[in-house]
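**Q** The task is to assemble the complex, starting from two chains supplied on their own in separate frames and drawing on the hints.
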Amino acid sequence: MQDQLIPDATLVSSYIKGQESALETLIVRHKQKVYSFIYSKVYDKDVAEDIFQDTFIKVINTLKRGAYNEEGKFLPWVMRISHNLVIDYFRKNNRMPKFDNAGEFSIFSVLSDTSLNAEKSIIKEQVESDVRRLVEELPDDQKEVLLMRIYKDMSFKEISDKTGVSINTALGRMRYALINLRKIIEKHNIVLTN
Amino acid sequence: MAKLYSEQKSLNEMQPQEETVKFLLNYSKALSVINYKKMKFEALLN
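Read top to bottom, the protein sequences are chains A and B. The number in the numbering used here is simply the position in the first sequence, starting from 1, with 10 added. The number in the numbering used here is simply the position in the second sequence, starting from 1, with 45 added.
So here's chain B without its partners, still in its complex pose (with noise of 0.2 Å):
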């Protein structure tokens, strides 16, 4: 059997970009969702 000698990263190491998360918290500060009456009105403000 050939050996593979390049190092392949178990599926369960793998995670995201430091970036997408920052992303994701940075939006999730941004967003606010403005309640009237029976409406949501969703505002990103960066």
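This is chain A alone, in the form it adopts within the complex (with noise of 0.2 Å):
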């Protein structure tokens, strides 16, 4: 009760005078309508909590080097320096604008993970495990075909150098091969896709 009857004026020159006690006193009377002012303009906790902390240390700083000299106008004078402070605070934040993707246009839409997701991964597997099956089905001579065409990714021209065949019968075997396969799957109803 007692501090509320010290004007603020004689805390700070009790301040000046190295009665550190008449800071906190002054601190505790003004530090809600401070923070309040600055939370409404910047509307962050922990950014209204900076300012008003560096609020005051300019207020410690300037008392203690004796340039204070707004006599009986404490609190006015620190508004305005949190006022100035908030102003830096937008001005430095306009110029390195943050990122908060809370706007129409994700950034996620452009930079996704493209690897897939750990149920596609094991469908793939699946499938790809069918097909191995599938193929193991196939006449030996259309299974040669098809795997070095696929697997081995071979041209038809080394397809018949290799197995000694012209590259119309290789063709042929591909094309035979892969009817094969359809029919295969249509009859067992294999769906084959992710």
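Derived from the structure by calculation, the hints contain no laboratory data. Computed from a predicted model, the values in this text were never measured in an experiment.
A few chain A residues that don't get close to chain B, going by computed Cβ distances all over 10 Å:
1) L21
2) P86
3) W87
4) M89
5) N127
6) E138
7) P149
8) D171
9) R192
If you want a taste of the chain B side facing chain A, the calculated C-beta under 10 Å gives, among others:
10) Q62
11) V66
12) F68
13) L70
14) S73
15) L76
16) S77
17) V78
18) K85
19) E87
Idealized CB from N, CA, C, for every residue including glycine.
**A** Spelled out as structure tokens, the structure:
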């Protein structure tokens, strides 16, 4: 109660003379007003806390250096310092805008993770093993051409050289291999999509 | 009108954290300004 009776000006001059407790009284007396003012501008608790701290650091520095000369107008002076710091904060933020990803455009629509998730990679493995089993069912000559073409990425010219058949025969075997695979897939209703 | 059930603190109830105030008081105690001729030196003694 007694703290309320002492005017700000008296507390300020006591503090300048070295009475540290006077500062505590001043801060406790005005912290709510100053903090609320800052928060009402920045709407962020952490930022408000930082600006509040910076405000009083400036106040302390100025008072300790003996550069304070606004007698009896302590609170308006503190408010003006905090106001200036709020402006500095917004200036700095405008120069370096933060990307909050709150707008219509989402950065994640451009930057996507192309690797498959766990479910899709399991499905992919299953599909691949199913296809391998189906290929195993093909007659040997068709299977040979298909493996060379699809898995070894050889041209039909290379396949014909390696197997000793004509290119047309290799093409025909490839065609029958695909037809037969489709037949087996349709017959057993196998789903091979991811 | 939808009713807001979340507690909203009024702006007047907002206060800085206790730690911030403590920090400021400690900062003030640690800071000493040394006057030398026309120059002022700030020293933070912790």
